[in-house]
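Trainee: Listed here are the chains, written in short residue letters.
There are 2 protein chains.
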Amino acid sequence: MKNNDSISIAVIKRLPRYYRYLTDLAAHGIDKVSSTELSRRMGLTASQIRQDLNCFGDFGRKGYGYNVESLRAEIGAIFGIGNNYSAIMIGAGNLGHALANHFDFKKRGVHLAGIFDIRREIVGESISGLTIKHMDQVEAFCKENKPDIAILTVPKTEIRPTVARLTACGVNAFWNFAGLDLHLEFPNAQVENVHMGDSLMSLCYKIANKKDI
Amino acid sequence: MKNNDSISIAVIKRLPRYYRYLTDLAAHGIDKVSSTELSRRMGLTASQIRQDLNCFGDFGRKGYGYNVESLRAEIGAIFGIGNNYSAIMIGAGNLGHALANHFDFKKRGVHLAGIFDIRREIVGESISGLTIKHMDQVEAFCKENKPDIAILTVPKTEIRPTVARLTACGVNAFWNFAGLDLHLEFPNAQVENVHMGDSLMSLCYKIANKKDI
Chain W
1 MKNNDSISIA VIKRLPRYYR YLTDLAAHGI DKVSSTELSR RMGLTASQIR QDLNCFGDFG
61 RKGYGYNVES LRAEIGAIFG IGNNYSAIMI GAGNLGHALA NHFDFKKRGV HLAGIFDIRR
121 EIVGESISGL TIKHMDQVEA FCKENKPDIA ILTVPKTEIR PTVARLTACG VNAFWNFAGL
181 DLHLEFPNAQ VENVHMGDSL MSLCYKIANK KDI
Chain D
1001 MKNNDSISIA VIKRLPRYYR YLTDLAAHGI DKVSSTELSR RMGLTASQIR QDLNCFGDFG
1061 RKGYGYNVES LRAEIGAIFG IGNNYSAIMI GAGNLGHALA NHFDFKKRGV HLAGIFDIRR
1121 EIVGESISGL TIKHMDQVEA FCKENKPDIA ILTVPKTEIR PTVARLTACG VNAFWNFAGL
1181 DLHLEFPNAQ VENVHMGDSL MSLCYKIANK KDI
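These protein sequences, in sequence, are chains W and D.
Take 1 as the starting number for the first sequence in the numbering used here and just add one per residue.
Take 1001 as the starting number for the second sequence in the numbering used here and just add one per residue.
Okay, chain W solo, but in the shape it has when bound:
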């Protein structure tokens, strides 16, 4: 594999999608795949796929195709899967429950280590094997467990003090579901903002304009 720095950002952004398809293939016991077959499954052209995976030269041999497990491991390594990142979730509301119960953290190499909320009436309840803790315990938990990521499923109005508090605990990466651009206010943090509203607007665009984007 070439150095990560030689892979363009556009390709990096597409790699999680390859990772998904390769994970599916591996789960079905398929050990090699051609660019033609990947293109059929992913709805991309074979030449686009060959171009995207060009930097993984060793795994794509003419007439053989790609070794599924090796390519998957290689992409996973670029994304730090295997680094065993641990995460805490702040906010045990409906979205917190949905993620904790149904989202496959393990598939992305992330371990959900704790769930916190400010509502005393739900503290002690269990979600997906984890007991909801009160936010008062977050400092002690972070000191002991040093989580890499905080998943923010708190209301928008709670975001700023929550992030300031977590930053003081040494947490510096945020998966933010509050619908605001957190990276602008905390430029030193690593942030992924999930903007569901933008996604619904994209769908409305497709309906209104009868074309894909």
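I should point out that these hints are in silico values taken from the structure, not numbers from a laboratory.
Errors might be hidden in some of the hints.
In the DSBU-like style, the derived pairs of lysine-lysine whose C-alpha atoms are separated by at most 35 angstroms in a straight line are [to be verified]:
(1) Lys-1211/D / Lys-107/W
(2) Lys-143/W / Lys-1107/D
(3) Lys-156/W / Lys-1206/D
Selected chain D positions facing chain W (in silico; Cβ < 7 angstroms) [stated by the list, open to error]:
(4) Pro-1016
(5) Gly-1043
(6) Trp-1175
(7) Ser-1202
Note that this is a predicted model, so its numbers are computed, not measured.
Every residue gets a Cβ at the ideal spot worked out from N, C-alpha and C, and that includes glycine.
With chain W held as given, fit chain D onto it using these hints.
Mentor: Only chain D this time, still in chain W's reference frame:
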């Protein structure tokens, strides 16, 4: 405004973000904004903003800036806000509850008209003022109300039969939370797939590589 066709897809993809910021400005009673001010708020360069909004010539006058409400309305029109799209939600689990209770559909011009589930034990319960109906009623509901969009918050295993059933009801646009690429299996439908896993992988990339993408 130029014809929508003259706006590049890259710009179209960024417009929901502009729409968010313009909505915030309007909510704060701000009626005009310069590209410099927008750039400060959005974390883009002023020249990128001027280039992006180039096609909205009438609203960006030198020395005046952009008329917030006009530009917001113009972008909204491109995305069909004002077309009063109606949506039904299939799946009243945690994610369905989270969206119905906390997601601002109105802001995106979408009206949530019905919520359906196959679990008889939750039929009749109320979420956000809507009574959960049994899926048995979906055909009659669609015939009468002709919803534009189905929001899919059902488990992945239920997706294919659910979409086939809704397609037969005349629903042709899907906001899909099941984590698979629905557009490949239903090429005639308008689909927006939400891939939360890809988003978490992007965050892990930023942590592992200590750089933004």
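Trainee: Could you run down the list of hints and mark each one as holding or not?
Mentor: Hints versus structure:
Annotation: proposed proximity of Lys-1211/D to Lys-107/W holds, straight-line Cα distance about 22 angstroms (limit 35 angstroms). Proposed proximity of Lys-143/W and Lys-1107/D is contradicted: the alpha carbons are some 40 angstroms apart, above 35 angstroms. Taking the CA atoms of Lys-156/W and Lys-1206/D, the gap is about 23 angstroms. The hint holds against a cut of 35 angstroms. Proximity of Pro-1016/D to chain W holds as hinted, the smallest CB-CB distance being about 4 angstroms (cut-off 7 angstroms).
With a least beta-carbon distance of about 5 angstroms to chain W, the hint placing Gly-1043/D at the interface is held under the 7 angstroms criterion. Interface hint status for Trp-1175/D: upheld, as the beta-carbon distance to the closest one in chain W is roughly 5 angstroms, under 7 angstroms. The beta carbon of Ser-1202/D is positioned within 7 angstroms of a beta carbon in chain W (closest approach about 5 angstroms), and the interface hint is therefore held.
Hint compliance for this structure: hint 2 is the single one not met.
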